[in-house]
Structures are given as C-alpha cells and as structure tokens.
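Asker: Chain order of the listed sequences is P and A. Residue numbering for the first sequence follows the working numbering, starting at -10 and increasing by one per position. Residue numbering for the second sequence follows the working numbering, starting at 36 and increasing by one per position.
Keep in mind the hints are simulated off the structure, nothing from the lab. Don't take every hint at face value.
[Said to hold, decoys possible] Covered stretches of chain P, going by a simulated chain A footprint (3 or more residues, C-beta under 8 angstroms):
| # | segment |
| --- | --- |
| 1 | 127 to 137 |
| 2 | 202 to 210 |
| 3 | 236 to 249 |
[Said to hold, decoys possible] Here are the computed lysine-lysine pairs in the DSS-like style, where the Cα-Cα straight-line distance is at most 27 angstroms:
| # | chain 1 | residue 1 | chain 2 | residue 2 |
| --- | --- | --- | --- | --- |
| 4 | P | Lys360 | A | Lys186 |
| 5 | A | Lys182 | P | Lys360 |
| 6 | P | Lys300 | P | Lys364 |
| 7 | P | Lys386 | P | Lys332 |
| 8 | P | Lys364 | A | Lys182 |
| 9 | A | Lys71 | A | Lys81 |
| 10 | A | Lys186 | A | Lys71 |
| 11 | P | Lys364 | A | Lys186 |
Here a beta-carbon is modelled for each residue, glycine too, at the ideal position from N, C-alpha and C.
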Amino acid sequence: MRFFEYESRQIVKAAGIPVSAHGFARTPEEARKIAEEIAAPVVIKSQVLTGGRMKAGGVRFADTPDEAAKEAEFVLGLEINGHMPRGVLVDSKVAVKQEFYAGVVWDGTRKLPVMLFSDMGGIDIEEVAETHPDRVGRGHFSNLMEVSDYEAKQVIASIGVTGSALTRATPILARLARLFVRHDMTLAEINPLAMLEDGRFVAVDAHMDMENEARGRQQTLLKALGVGDEETRQAREATPFELAGEEVDSQDHRGVAGNVTEFDGNLGLVIGAGGGSLTLFDAVRAHGGDPANYCEIGGNPSVSKACGLAKLVLQKPGVEKIAVMMSIVSNTRVDIVARGVIKACLELGYDPAEKIAIFRIPGAWEDEGFKILAKYGVEYCDRSVSMHEAARRAVEKIQGVAA
Amino acid sequence: MSILIDETTTFIVQGITGREAVNLTRECLDYGAGAKIVGGVTPGRKGREVHGVPVFDTVAQAVEHHGSPIDGSVVTVPPAFTKDAVLEAIENGIKLVVIVTERIPRRDVAVMVEFASYHDARIIGPNCLGIIVPDVIKMGGIGGPAKDAAKAYTPGSVGVISRSGGMTTEMSSTLTAAGLGQSTAVSIGGDAIIGSSYAELMGLFEADEQTEAIVIYTEPGGRMEAELARWVRENDSRLPIVAFMAGRFMDEMPGMSFGHAGTIVEGKADTAAEKIARLAEAGIVVAEEISQIPDIVKSRIAERSAV
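All chains, full assembly: derive it from the sequences and hints.
Answerer: What follows is the structure in structure tokens.
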C-alpha cells in the first residue's frame, strides 16, 4: 500500500530524519494557518496517490499566508490523473544548495534489501541510473543483522561524496534503511534529499510503499497515521461489481471465490485457480472472446460461495453466457463448483444448458460433478480437452449468439 | 533419478494438526512408495498422532525421536508464525523446507532464505504446493490425493518448475497424456521473494541424468525469467527449456506498473511481452498454448540428441 507524501514525511521524521517545516491542510483556511506558522514563503503540494502532480499544476508557490490560502484552494479542486487530492502539504520553501536521492528497495533476485544513493536528486532515479550509472551508489545489506552506519557510508562514498556531506548523509540513509525493514516497506525513498546552504540535510519529499501482507503487524504505525482497515489504497478504486465480489468471497472462510475484476465483455467467467485464471483469461482473448470479468476460484469454496459468484457474473449487464473453467483441481471439488453454478442459473430462472457455455474443471470428484452437469444438459469436458480448447468452444458459442 | 527428494527422504510436517495439514499428510503417506513422514510438530499437542504420525512440541523432539537427522519439513503454520517455524527446522538440521503458507511478508521470507543459506539448507516456496517425484514420493499438497496425483504425474524425463501450484499439475498432466513423464515437478510459489527460483533449481536438473528437458510455467512480475535466461547463457545448459507464460493480458491493465527504484536494481523486464522476448533470446521456446508443449519438448529433445 502506498502512503501519501504527508504520511511518508511523518514516517521519515519519526525515524529521526530531518524534514523541512511543513503541515497538512484539508482546507484553504488550514493552509493559511500553517503558512503563518512557517512565516516564510511556502510550497503548496497536492496530496494524491499518483505521479505527475508537478506537470499537472499540483505544486504551487506562495509568498504570503493569503497567497497560500488562494493556491491551496486551487490545488484542492484540481483533479490529477483522475484522483482528487486528499489535501495539500504546505511546505517551507528551503534554500537548497544541492539535491540528493536516498532510497531503499528489495532486490528479489538476491533476496536482500538494497540502499541507493545519488548526488543527482530531484529527478527520477531510473533516469539517473540510465544516463549516469556512476552517480548511483548501491549496497545490499543483510536481513539478519540491523544495518550499520558504515554500510550506508560505503554506498554514499562510492559515488565520490566526501566531507561534511558524507558524514551528514550517512545517518540519514542508515535510518531510512532501518525504517524500511522495521515497517515492512517495499519502497522507501527521499527525493529530493536537500542539502541546505548551511550544509544541513532535510527531506523535502518522501515516498513510501508498504507491503499489504504486513498491514496486520504494522497496526501501530497505521493507527498513528490514521489509516483505517477500510482504506485499501489500490491503484484503481474497486467498482460496485468488484465490491459485490468481495462480499461473496467473505460470506464464509472456506476457499476462495472472488478476486473479481470488472471488464466490459459479454462472456462471464467463473474461472480458477490463480495461474489457471490467468491462463484462461488469456485463452479467451486469444480466441477473440470478450470477457466480462476476471475472477479466481480455489481452495475448495462452498456451494453457496460458488453459487454467489456465478450469480454475480450472470447478473452483470451485458453478460450473455458464462464459462466455468479451471486448471486441474486437486483440492477444490468439481462437484461442488458444478452444484454452485447450476444453482445460480436455476435461482435466476435460467436454463443451465443454455447459460453455461462450457464447464471445464477436471480433477477431484469429477465423476460426481460430471453426472450433475449431464443431468442438466450442460456441456462439460475433462482434462483431455485443453484449457485453450475449452475457451475456444465457449467463445464460439457466444459468437453464435451474437450473430 | 530425481532432484531434491527420493524414496529415502524423511520429513516432518510443522503445523500437522491443522485441517489442510492433516489432508496433506494423508496424501503424502498414500502416494507412491509412501512418504517417510517421521513426525509432526504442533506446540502443545505432543503425544497425539495424525494418521499414525507422532506429534511433538518441538522439532528437536522429532529429531530425537527419529534418532538421526531428518531431511525435510513441510511448513503449514499461519503466516505470523512461519518464520519462527522455519528457523526452528533449520536450526535442528533440516536441509529442505517446503513452505505452503501464503501471505507471508517478504521481509520474513528474506530472513528465512538468508538464514537457510548460512546452514546449507534450501527453501521451496512460500505459497507453493511442494515437490513430486512421480510414482515415488510427494512432499506437499501437489497433485492432491494420491489417486488424483497418479492420474496427472508419470515417471519420465521432463523436469517441471512452476510458479503456480495448480498449473504444475495441469502441465504435467498434459505431458503425461502425450507420453512424456516427469523426473521431478516443483511448485516454487509465485511471491516476490521465494526460496528457490528457476535458475536456482536448474543446476540440480542439469546434474540429474534422468532429466532431458525442462518445462516452466511463468507469470508477469519479478525478475526470475531474466535470471533464468542469464543462467542458461552462462552455463551452456544441456537441457532444452520450454516455457508457458500466463497473464499476458496484464500488460494492458491500468495500474499494473512495477516502476520506480525497484527496476534499477534488477533491471526493467516486468511485462509479459518483455519476459517472453528475454526467454526467447536465451533460446527458451515460449509456447502459445499448453497443448503445444509436448510436441515442442519432443522436437527439442530430438534436436539435442541429433547434435
């Protein structure tokens, strides 16, 4: 999950890293007050969970509290990439001598966290790495011992930074590395990390991403920031259809029948499991099909859950038929899914033989499942029919309908 | 032969009294020659039995009861306790840990993997179904109940490595139907950080005389394919590799960006299209459909033996 800049700044500050004087405002009036307290020219920055706010005009400058209020009013009403800001950050405009970059990320190949440091801050670090690779210092550090300051020092010194810049930046990078580990971050970066005219370093912007799986054990941090469980912070807001899918999945704890994503096609998909769903979705599209949704079934869900998911998909506007397909199952029971989808059709007043374009789930309890499907005249197939072939048959049927 | 496990492999199940673990234990005992599950561990449940397997409070007790070192452990405890369980296993001399548990924060995985590396231990998973040597032994839920696993997996010469547990079985079943058996199939898990990647298993398959080709299942995300491509180039592998890539549609999905600093550490290659290109450059054939895999494998094996 991604944090807003004003939250990231709090996290950084709590870790002992100096930040420029700032405040978070939800109204122009609050922005004015913060500007009054800072009593110097300020920068008004839109608080959105998307990039490109500078380009979009979401960063403005103000010399007086009145101007700050006026600019805040503008920024608060400015939509950026489809996101309305949560508020504005009122930041003191600091006299910067040089901009640096400090970051920590995971290296999934080496399975270690890595510190990054550059004396070319203020721009995208990817760009610096491409154009000036010698200006980006890197250093992996162990998962088993707390990172030591000398490790940060080595990274910074490796790009030729010395003098007081080295000694002042060292504890900042080391603290950033420690907070990265302590708070289960997947990305922690300060960009720019500004060196002021007097030689002090302050974080002028910060960006933090935390691993979703760690939300449970990071409750203290999330509470301190006022982030509730209901805030998913997904890249895209869930649609009502997707929320209904979550509801189906949470009705009991047996297995999974959810992870629904909405698309706008006419072929409803009741598919699984994880890798199977990805494969089947590709297969439907490869054969010219137009999926109405993505979803995942797995872990042996109950009949009522499978039924709930099938009903949701069947009732989606524009859905003409559904395809019920999975890779070979060994835990999920074929007969249970079969019962669920047939029940869904019947309860909605549909003929399962007509509404279910194809049923391709081979594996555990398949004989029992196929018996039920045969009784209702639903076309089904076993493992001798490939996932792609099943998808092709489903698409063919629905195109017959459309023609 | 096989890699990682064979008929002599002994292992324990940590979290053995959980519902899924009880099923998994039954499946492994029933499959092939019958797995040598020499104990289970659930704190506070010492003295019980699960399908005849004695339950202990600690791994040390299980080792003591067995009287000699135990080869492996299948870890099925909840995510908050997994790291502790894995460290306990490794500390007590276990060299192969299969982690079934899902939703473990990657920091914990990284700690376990680094700890394992200092003890010459190997981790498979997390979020995986384990390892199967057809008709011999399975370690984990892979393939399901013994009779279902027997339907999908047959002994042979193809090594299978898959980021999806279910697709391991689907692909193996497709190979089986075409007369191609498997030497060993490994479900490695699909998380951002895992114990053993494709490249980290390749050396074992390379050294296994029975294995003549490798089939992998892959998805968008991570850098494991690039690592594999590099391994193939650097090691002049004797094994032809055929890959299947699912989730190609994700390239067109909004919000599906892996950008930022992560890419500069490991390089940019997260989309399905880029992965396919990278694999192809290393001579790895990427099949469009799973049903094409057996023919490609057969022709690649024939090409190699003709050289």
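Asker: Are the hints correct? Go through all of them and say.
Answerer: Now for the hints, and whether the structure bears them out:
{"no.": "1", "hint": "127 to 137", "in the structure": "holds (count 4)"}
{"no.": "2", "hint": "202 to 210", "in the structure": "holds (count 4)"}
{"no.": "3", "hint": "236 to 249", "in the structure": "violated (count 0)"}
{"no.": "4", "hint": "Lys360(P) x Lys186(A)", "in the structure": "holds (20 angstroms)"}
{"no.": "5", "hint": "Lys182(A) x Lys360(P)", "in the structure": "holds (20 angstroms)"}
{"no.": "6", "hint": "Lys300(P) x Lys364(P)", "in the structure": "holds (20 angstroms)"}
{"no.": "7", "hint": "Lys386(P) x Lys332(P)", "in the structure": "holds (21 angstroms)"}
{"no.": "8", "hint": "Lys364(P) x Lys182(A)", "in the structure": "holds (26 angstroms)"}
{"no.": "9", "hint": "Lys71(A) x Lys81(A)", "in the structure": "holds (19 angstroms)"}
{"no.": "10", "hint": "Lys186(A) x Lys71(A)", "in the structure": "holds (22 angstroms)"}
{"no.": "11", "hint": "Lys364(P) x Lys186(A)", "in the structure": "holds (26 angstroms)"}
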